[in-house]
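One letter stands for each residue in the lines below.
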Amino acid sequence: MALFATCLTDTFFPSTARAVVRLLERLGCSVDFPLEQTCCGQMHFNTGYRDHARPLARKYTDVFMGYDHVVAPSGSCAGMVREVHPTLGTSPPRTFELAEFLVDVLGVTDVGAWFPHRVTYHPTCHSLRMLGVGDKPLALLRAVKGLDLVELPDATHCCGFGGTFAVKNAETSTAMLADKMRCVLDTGAEVLSAGDNSCLMHIGGGLSRLRTGVRPVHLAEILASTEEDPWRATP
Amino acid sequence: MARNPVTWLGSPTFPKAARVALNDTQLRQNLRKATGTIRGRRAAAVAEMDDWEQLRVAGEQVKDDVLARLDTLLVQLEESVTARGGTVHWARDAEEANRIVLDLCRAENATEVVKVKSMATAEIGLNEALEAGGVHAVETDLAELIVQLGDDRPSHILVPAIHRNRAEIREIFQRRMGVEVSDEPADLAEAARTYLREKFLTTKVAISGANFAVADSGSIVVLESEGNGRMCLTLPDTLITVMGIEKLVPTWQDLEVFLQLLPRSSTAERMNPYTSVWTGVTPGDGPQRFHLVLIDNGRTATLQDSVGRQALRCIRCSACLNVCPVYERTGGQSYGSVYPGPIGAILTPQLVGDMHDPQAASLPFASSLCGACFEVCPVRIDIPSVLTHLRAEVVEAKGRTAESVAMAAAAWVFGSASRYEKAQKAGALARFLARDGRITSLPWPGSKWTSSRDVPAPPAQSFRAWWKENRCQK
Ligand code: SF4
Numbered sequence: 001m002a003l004f005a006t007c008l009t010d011t012f013f014p015s016t017a018r019a020v021v022r023l024l025e026r027l028g029c030s031v032d033f034p035l036e037q038t039c040c041g042q043m044h045f046n047t048g049y050r051d052h053a054r055p056l057a058r059k060y061t062d063v064f065m066g067y068d069h070v071v072a073p074s075g076s077c078a079g080m081v082r083e084v085h086p087t088l089g090t091s092p093p094r095t096f097e098l099a100e101f102l103v104d105v106l107g108v109t110d111v112g113a114w115f116p117h118r119v120t121y122h123p124t125c126h127s128l129r130m131l132g133v134g135d136k137p138l139a140l141l142r143a144v145k146g147l148d149l150v151e152l153p154d155a156t157h158c159c160g161f162g163g164t165f166a167v168k169n170a171e172t173s174t175a176m177l178a179d180k181m182r183c184v185l186d187t188g189a190e191v192l193s194a195g196d197n198s199c200l201m202h203i204g205g206g207l208s209r210l211r212t213g214v215r216p217v218h219l220a221e222i223l224a225s226t227e228e229d230p231w232r233a234t235p
Numbered sequence: 001m002a003r004n005p006v007t008w009l010g011s012p013t014f015p016k017a018a019r020v021a022l023n024d025t026q027l028r029q030n031l032r033k034a035t036g037t038i039r040g041r042r043a044a045a046v047a048e049m050d051d052w053e054q055l056r057v058a059g060e061q062v063k064d065d066v067l068a069r070l071d072t073l074l075v076q077l078e079e080s081v082t083a084r085g086g087t088v089h090w091a092r093d094a095e096e097a098n099r100i101v102l103d104l105c106r107a108e109n110a111t112e113v114v115k116v117k118s119m120a121t122a123e124i125g126l127n128e129a130l131e132a133g134g135v136h137a138v139e140t141d142l143a144e145l146i147v148q149l150g151d152d153r154p155s156h157i158l159v160p161a162i163h164r165n166r167a168e169i170r171e172i173f174q175r176r177m178g179v180e181v182s183d184e185p186a187d188l189a190e191a192a193r194t195y196l197r198e199k200f201l202t203t204k205v206a207i208s209g210a211n212f213a214v215a216d217s218g219s220i221v222v223l224e225s226e227g228n229g230r231m232c233l234t235l236p237d238t239l240i241t242v243m244g245i246e247k248l249v250p251t252w253q254d255l256e257v258f259l260q261l262l263p264r265s266s267t268a269e270r271m272n273p274y275t276s277v278w279t280g281v282t283p284g285d286g287p288q289r290f291h292l293v294l295i296d297n298g299r300t301a302t303l304q305d306s307v308g309r310q311a312l313r314c315i316r317c318s319a320c321l322n323v324c325p326v327y328e329r330t331g332g333q334s335y336g337s338v339y340p341g342p343i344g345a346i347l348t349p350q351l352v353g354d355m356h357d358p359q360a361a362s363l364p365f366a367s368s369l370c371g372a373c374f375e376v377c378p379v380r381i382d383i384p385s386v387l388t389h390l391r392a393e394v395v396e397a398k399g400r401t402a403e404s405v406a407m408a409a410a411a412w413v414f415g416s417a418s419r420y421e422k423a424q425k426a427g428a429l430a431r432f433l434a435r436d437g438r439i440t441s442l443p444w445p446g447s448k449w450t451s452s453r454d455v456p457a458p459p460a461q462s463f464r465a466w467w468k469e470n471r472c473q474k
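Chains as they are written, first to last, in this note's numbering: chain A, 1 to 235; chain B, 1 to 474.
No false leads were slipped in.
In silico lysine-lysine, BS3-like type, Cα no more than 25 angstroms apart, as pairs:
#1 B:Lys16 to B:Lys448
#2 B:Lys448 to A:Lys168
#3 B:Lys422 to B:Lys468
#4 B:Lys398 to A:Lys168
#5 A:Lys168 to B:Lys16
Across the chosen pairs, the derived CB separations fall in these ranges:
#6 A:Gly132 to B:Gly427: 32 to 38 angstroms
#7 B:Asp71 to A:Met65: 41 to 47 angstroms
#8 A:Arg182 to B:Gln304: 42 to 48 angstroms
#9 B:His356 to A:Gly188: 46 to 52 angstroms
#10 A:Glu83 to B:Asp65: 24 to 30 angstroms
#11 A:Ala178 to B:Gln61: 37 to 43 angstroms
#12 A:Arg182 to B:Ala417: 38 to 44 angstroms
#13 A:Glu83 to B:Ala186: 46 to 52 angstroms
#14 A:Asp148 to B:Val57: 39 to 45 angstroms
#15 A:Asp148 to B:Lys33: 31 to 37 angstroms
#16 A:Ala178 to B:Arg69: 44 to 50 angstroms
#17 A:Ala233 to B:Arg32: 32 to 38 angstroms
#18 A:Ala233 to B:Ala189: 55 to 61 angstroms
#19 A:Ala178 to B:Gln174: 31 to 37 angstroms
Covered, in the sense of this in silico footprint (three residues per stretch, anywhere, with C-beta under 8 angstroms from a C-beta of chain A), are these stretches of chain B:
#20 13-22
#21 325-332
#22 365-371
#23 417-427
#24 450-457
Since the hints were made in silico from the structure, they are not lab data. For each residue, glycine too, the CB sits at the ideal point set by N, CA and C.
Start from the sequences, fold in the hints, and give me the full structure.
Next up, the structure:
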């Protein structure tokens, strides 16, 4: 199988991609990272630059063609590949969001993780509605030893990221973010988890600006954490 | 030709209009309360049905069939309406439709008409056109009346005064009706009832919209909750119905699907309180003259677009508005059109038909693409897909901009792994902007992000660099 790190995770959140590798190898997978990969083209497509997205979709197919499975630590990018690439004229290789891959393909919910923190989980819009990931991430989190999972109020509401929406309609995006942060803070959680670094970057950017002390942590990093090799905040 | 009144003259672009709305705390509170309540009720009403998904698919199919055979079905409708004693008028645009209705009112010597709430007449700006021609139109739907008396604009498809709370409504009624009322809903409703009763009994002409028109029988259907519509549809001598050409269903039996989909989606009711159906004229019973005005106003053009045309499936239930996180914060008036929210963001620019219009062109971007609208739409309009489709049209219409240059550059970088890697390394220099692992201020356009959000400092080593160092045997 191959890892599609996504451009955002590769560049800004390498610890997430390293966690995916650690986790999947622990579960017996042999993980490859084809170095020719770049970006799935979502930013271009969603902003109206379809002609720029098309070659990126083609590139994605070329790079990952030979693999049985492709796993991405992003519901949004997996959704782009699975739902949108076919409309751009490519037939993408079998691509999964991480939680889907673990539960549906590997058939595990208890990945042997240990994460002794109070955590709340935000189901990102594209995981929820484009991919229909459902409760799989929650099932995975519930099986994590030591983890205190608290329910996020209005969990299914969008955090207001929406790619370039966050700058084109910055004020509206911020208003949505404010409500999401209020819900996160209401839970008293120390960690906010999600399956998409893009949304985490948005909510986390707000949480950090206000010095709330709540830390965004990608689901992969929680699942990769064990008693022998526990998660540590990267500086 | 006059500007198509689908959008309100002088409306600013969405981001500008939204900025004003976002600062209105009363509006934010009113909207949050109202949409929150109806969201919950709709979800419960829909959960009662175990065949909801099949119904949605059926609704989608009937409407797609209608759009595919619209020309022949419209001719069939005209024939069946005429056969039952009605008269059919065709209007290409708003101006033509308004003139037809004004002429019909004048033929009856009417100076005042009663109206059932109607999106189509709001779309063409009928009230204003009638007023200019010396005919005063009285809205009889409670929420519509509140908007009319408040010299305000509607902010919701179903509940045009959703942005107002009880105290504000009381103030409007006292000022315009000259009565003393409390802000109790029952009192407010009673005041409106007294005000309207006189109008119903003295007015000879009524104007309605239509939720559905049945092609094979020529029947027109209006769904409403208050019974005021029922009064307009039965008491006056002359009834003028104005409807968009897409509001058709082929047969009487097709209504079955929509009479289940619409009430649960819009008001979370199992069944609609008042469903009125009329077919032509019946001697001695109800209005004795019936006119049906069919308006195009950008619809035929919309029909040409294979992706965008699905917006014409819309049955105006407003479910998409009630779940939209953008609508909930900005309210309907920010969209600058009678069609706000997600459906407005895709329908309005298509009806306007000009992607060079900055206001219309800003609407497809007024969404985070979260997909909540698609999830609830009873006729399965894939609103997010239409949004990205229309964004592409806007980008094309705009041509070369700072954004398009930046996007082309980004695409070029992403086009090759080695270019991408070099860009990553250059980008990592942004670490110098960071303090304590975060960047709090970026130059424009990044400043739009950092106005409210930090950016994580890019790490010194990207994942691919780590992989090369640790996993690639050289
Ligand atoms: S687009 Fe769908 S959900 Fe929105 S008003 Fe129309 S029918 Fe209802």
